[in-house]
Amino acid sequence: MIIDHPLLGPRDAAEFTYLGDATLINRPDPAAPDAADGFYEYLYLRDNPAGEHNELWYHEQGDRAWLVVSRNTLTHEITKVELARDVALRLGRDR
Amino acid sequence: MRYSALKVFTQGLTGNKGWKPVWREPDPKPQYNVIIIGGGGHGLATAYYLAKEFGIQSIAVLEKGWIGSGNIGRNTTIVRSNYLLPGNQPFYEMSMKLWENLEQDFNYNAMVSQRSILNLFHSDSQRDAFVRRANAMMLSGADAELASAEDLRRELPFLDFDNARFPIKGGLFQRRGGTVRHDAVAWGYARGADLRGVDIIQNCEVTGFDIKDGVCTGVQTTKGAIKAGKVAVCVAGSSSRVMAKAGIRLPIESHVLQAFVTEGLKPVLPGVITFGVGHFYVSQSDKGGLVFGGNIDGYNTYAQRGNLPVVEDVAEGGMAIMPMIGRARLLRSWGGLMDMSMDGSPFIDKTHISGLYFNGGWCYGGFKATPASGMCYAHLLARDVPHPHATAFRLDRFKRGYLIDEKGQGAQPNLH
Ligand SMILES: Cc1cc2nc3c(=O)[nH]c(=O)nc-3n(C[C@H](O)[C@H](O)[C@H](O)COP(=O)(O)OP(=O)(O)OC[C@H]3O[C@@H](n4cnc5c(N)ncnc54)[C@H](O)[C@@H]3O)c2cc1C
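First to last, the sequence lines map onto chains A and B.
Residue numbering for the first sequence follows this note's numbering, starting at -11 and increasing by one per position.
Residue numbering for the second sequence follows this note's numbering, starting at 9 and increasing by one per position.
Don't take every hint at face value.
Chain B regions said to be covered by chain A (calculated; three or more residues, Cβ under 8 Å) [unchecked claim]:
(1) 253 to 263
(2) 311 to 323
(3) 412 to 423
In silico negatives: residues of chain B with every beta carbon more than 12 Å from chain A [as the list claims (entries may be wrong)]:
(4) LEU345
(5) MET348
(6) SER349
It is worth saying that the hints were derived from the structure and are not from the lab.
C-beta: ideal position from N, C-alpha, C; glycine also.
So that you can see chain B by itself, here it is in the shape it has in the complex (with noise of 0.2 Å):
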């Protein structure tokens, strides 16, 4: 069923009657072309492209819990393309540019919201490395614009300009940044996808490889084997626990990331607003909650909640910028599972087993990737070469020496 306007007219007229459920619950067939491992938005939008994009017959999406269920339904939704080193910003712009075109191509309101977003900076020094990074984004074909401190106050008067330890002296624009709803994000795909024909068989948990003489045929799962062309792994913060059953060790650690929402306001906030000296990021869903997040909790987890003194951290984050926050009441939080790389940048790779492939390492900042990642993976599983953006998220680029580290913080993934 095509969506459009006459078709919510109509439906209205008849009681809402006639919508169906966007995707079947099919059994797993004993075989596939391709099989991808996590139905998450990376995995969906991996399917998706491969059947539309590449033509690619014979899939399924193996995903242990639900779709949705992961951190595609967990993040604070902030797209952006405002990276700095040339393995990651054209690669960014890129699925900047899928995002501003998702909704009309797979026919699925993800209410993709281009709202802006706000790098404030609070030094002459960072000013510099704005600058520069600005630089850096305009040459990969996206937008970028210094905002002095006036022109802020004019925008945005309610931040804490004055701040005697941290003042506001300006900050980096880039106005086609924004929103995008995170788990109509994961139903897009996925409807996409299985009009297409991919099989998506939620409560599959992956438990092993089919492994022999270098050669990956199939997998394990708790709805019995399934053999398969290509095996795509695709399971973000569990990518250590399913790479360890084919033996591979990954330059990866699991961490939790937290985010917040507070009750329901008033429109206060235009875009997204982050703090340049301590780790803070808002925004405010249509809903009316500001949605915000700061820093990791800092150690290896996989139990999906974080502790008390990050909360303190990212709430004091909130209070130095913009003091009217600690008047709103917090709602909820959550966790959810970081898949963090040594230098802070994902992968996209083949490994050396045969027919075993690998996307991961996404850290804290995936969602705005889903895009573009399920469109160059799609491109390595349907050519087995690298999408010419994805040329450098290599599994072997430490050892090679080639890291891509935003931050240059070196091999400590807690600090990226």
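So here's chain A without its partners, still in its complex pose (with noise of 0.2 Å):
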């Protein structure tokens, strides 16, 4: 697979390691009353959808971002790369 890394273009996917859903984000604030079954949803469940899956890419043998990679898991073939921290100040978060 090719990832087309929005500040270095094409890159191989072996330069990069895999963390997983990229709702891992979104991390739920711990101050909430029903904190605990927040994060444990957070932490331990997954949608695991057979198509398009949004999912955190972390460029390890390269410039060291992290990012969202929308990629169909039927076929490998990815649609849109972006950087996480471009997603992350999107949700509303301060970085």
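Mind docking these for me? Both chains are given alone in their own frames, and the hints should help you get the complex.
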């Protein structure tokens, strides 16, 4: 697989390590009254869809950037690549 | 028809014209006591033991493709009971004991071959860890034997003992471990179940569940609706997709594991050998091909095919312990879907929906578990309490903090 890095252009997926579902960006509020349930779901449960999947890849052998890659889990086709930072900012996180 | 040496002999004399298909191809009935979804090894074993050991009648196995088309026909066929943790090891040793008597039990040649498994170690600390594992194995009633590098030099002279980076310091043997012909396991269980009245319905995909007021009363399939007293999901790599139809999210990701076979060679490998640093395991099939594999590819996928970086990694692992493998030519490679769980251990449990049961999360090691998984799932379905050797495989163990994490990797499925 080739990942089209937003800053560096097309890179071999072997340069990256894989973390998993990009919902891991949305860490639950630890001060919320239902924080224990929130963290259980956040840490352990996954949608694991067959089809479009947004996921976190880390450019370990490159510029150490975290990317959100949209990839089809049935065909391995990559449709979109963004810096995870941009996605997090859009979700209202401060970094 | 019972198979025996006499039968083979008399059939040979009469032109082998008397063999019959070993299971029927029935249409689904409108209703069953138990429906098992997934005609893989675990589903078929569950049906077999439900009928044979627990006397349950009116059972159907619904398989989306043909039986044996999933992981049961794709794995590298290694069986062993060399686990460490209390929640796992007694279960896998129970499975080992069932393997040892399986062919007599279901009257089918599954080529169970206890040709031994050897885990190599390459450092002092790794030897200490293997001594601990060996003790855990023996406590569960399994066999374990520590071999020094000198022992191994006599038995397996072709290993690269003096590898500059990862010298071989010794290994942990389980002599009772070995290999089993994987698709014969599916066929043997299918035949045994069919003989006891189980309907094995192929080309029948489950597309939904009938759930009302928290009770599951049947399934929707490509061959119509079927009612059931109990519905038992057993679909390995498709676990999340199928359970999503019941609105249940699982602690599972689907990954791909690849396997490789070389051209046929004269006998070179007496048993199964595994590398202690990278992920590499190899055995030789009775046809002569070296059968080997390594790590999962490491990203979510349902594609049933992998990518080249892992092929390279596996080949490097092989070259690191037995350089002679570099002379062999690769004949075939393929991939299968792994139901990777968050702690690397499986589930055999009820769900919060009454009448709906779940078996899955077998990661890359569910073949060896096939007999025990079938027996324990059948026990749960028949009696509604877990089998004594499967009490730890609960779906809520993450919430309660009772993980069974053999590798201590945490909630990162691609590292288990
Ligand atoms: C390359 C590879 C190597 C492996 N090596 C080993 C090994 O050496 N030792 C070991 O112990 N384990 C090994 N495994 C793991 C082992 O094969 C699996 O854990 C085990 O086979 C899974 O259980 P199963 O046999 O029931 O799965 P499967 O055979 O995959 O059965 C699941 C079935 O469910 C069916 N299904 C899915 N969705 C539906 C639906 N909606 N309706 C109806 N049916 C459905 C599928 O078609 C499939 O036939 C390996 C796996 C792979 C892929």
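Inset, instruction - Would you pick out the hints that fail for this structure and give their numbers low to high? - result: Hints 4, 5, 6 contradicted; others consistent.
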